[in-house]
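Asker: Chain by chain, the residues:
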Amino acid sequence: QVQLKESGPGLVKPSETLSLTCTVSGGSISSYFWSWIRQPAGKGLEWIGRIYISGTTNYNPSLKSRVTMSVDTSKNHFSLRLSSVTAADTAVYYCSREVGPPHGGFFENWGQGILVTVSS
Amino acid sequence: DIVMTQSPDSLAVSLGERATINCKSSQSLFYSSNNKNCLAWYQQKAGQPPKLLIYWASTRESGVPDRFSGSGSETDFTLTISRLQAEDVAIYYCQQYYSTPQFGQGTKLEIK
Numbered sequence: 040q041v042q043l044k045e046s047g048p049g050l051v052k053p054s055e056t057l058s059l060t061c062t063v064s065g066g067s068i069s070s071y072f073w074s075w076i077r078q079p080a081g082k083g084l085e086w087i088g089r090i091y092i093s094g095t096t097n098y099n100p101s102l103k104s105r106v107t108m109s110v111d112t113s114k115n116h117f118s119l120r121l122s123s124v125t126a127a128d129t130a131v132y133y134c135s136r137e138v139g140p141p142h143g144g145f146f147e148n149w150g151q152g153i154l155v156t157v158s159s
Numbered sequence: 077d078i079v080m081t082q083s084p085d086s087l088a089v090s091l092g093e094r095a096t097i098n099c100k101s102s103q104s105l106f107y108s109s110n111n112k113n114c115l116a117w118y119q120q121k122a123g124q125p126p127k128l129l130i131y132w133a134s135t136r137e138s139g140v141p142d143r144f145s146g147s148g149s150e151t152d153f154t155l156t157i158s159r160l161q162a163e164d165v166a167i168y169y170c171q172q173y174y175s176t177p178q179f180g181q182g183t184k185l186e187i188k
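These protein sequences, in sequence, are chains A and B.
For the first sequence, the tail end lands on 159 under our numbering, and the numbers increase by one without skipping.
For the second sequence, the tail end lands on 188 under our numbering, and the numbers increase by one without skipping.
Keep in mind the hints are simulated off the structure, nothing from the lab.
Just so it is clear, the structure is predicted and the values come from calculations on it, not from any experiment.
Among the clues, some could well be false.
In silico contact screen, one side only, chain A against chain B (beta carbon under 8 Å); selected entries [unchecked claim]:
id	residue
1	L84
2	W86
3	P100
4	Y133
5	G143
6	G144
7	F145
8	E147
9	Q151
Simulated pairs of lysine-lysine, PhoX-like, Cα-Cα distance not exceeding 20 Å [what the hints assert, rightly or not]:
id	chain 1	residue 1	chain 2	residue 2
10	A	K82	B	K121
11	A	K82	B	K184
12	B	K127	A	K44
13	A	K82	B	K112
14	B	K121	A	K44
Taking beta-carbon pairs under 10 Å as the criterion, some of the chain A residues facing chain B (in silico) [as the list claims (entries may be wrong)]:
id	residue
15	G83
16	N99
17	K114
18	H142
19	N148
Just so it is clear, CB atoms sit at the ideal spot from N, CA and C, and this is done for glycine as well.
Produce the entire structure from the sequences given, and follow the hints as far as they go.
Answerer: Structure (structure tokens):
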């Protein structure tokens, strides 16, 4: 069974860049789309974007100007960078394996999530 | 953008009774390539990540109890829990994957 684990700083200053990594175990990263999803405390889920091993990315239009994703198949992990953060970016960030049709799918496996707080 | 609207926002059901959660899409989720609907359901318990329950609107994920079922097509979908158990207390989300993934706002299910 594929397992995912998020890692990175839990505290980021306003205007700086949030950087997270998701390490995949129990399976190869060399297939499927890999996504990031976030959830502010007490609120719903927001898809941030996805990456394929080829480097192909798709981002949520609402975040596109600030998001960069990358993948490192040698380390079996993928990463998220979100620039110019504000308090509104405070959330639990999840990484997930996305399966389904080529244009996008559903989220079959999830990491436990990491709380990132934006504060000075 | 496709907007997903769930109803109700919260629901209290007695143990052993049926719970029904609705999800409405602002446009059809019918995927002509396989004649299925691009709709998934998730369960999120307190302090945990979401768990996939149903995909393609009605296909149960492996290991999910058969008291969970999904139905509907195009724009109107339903998640039914046939005999509510205490462990089913959670927030339930629908998600469309016909285009940029979008989740419903969630439905909180409690025991009456």
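Asker: All hints are to be evaluated individually against the structure, with a verdict given for each.
Answerer: Hint check results:
no.	hint	verdict
1	L84	holds, 4 Å
2	W86	holds, 4 Å
3	P100	holds, 7 Å
4	Y133	holds, 6 Å
5	G143	holds, 5 Å
6	G144	holds, 5 Å
7	F145	holds, 4 Å
8	E147	holds, 5 Å
9	Q151	holds, 6 Å
10	A/K82 x B/K121	holds, 13 Å
11	A/K82 x B/K184	holds, 12 Å
12	B/K127 x A/K44	holds, 15 Å
13	A/K82 x B/K112	violated, 29 Å
14	B/K121 x A/K44	holds, 18 Å
15	G83	holds, 5 Å
16	N99	holds, 6 Å
17	K114	violated, 22 Å
18	H142	holds, 7 Å
19	N148	holds, 8 Å
Taken one by one, the earlier hints fail for this structure at numbers 13 and 17, listed in ascending order.
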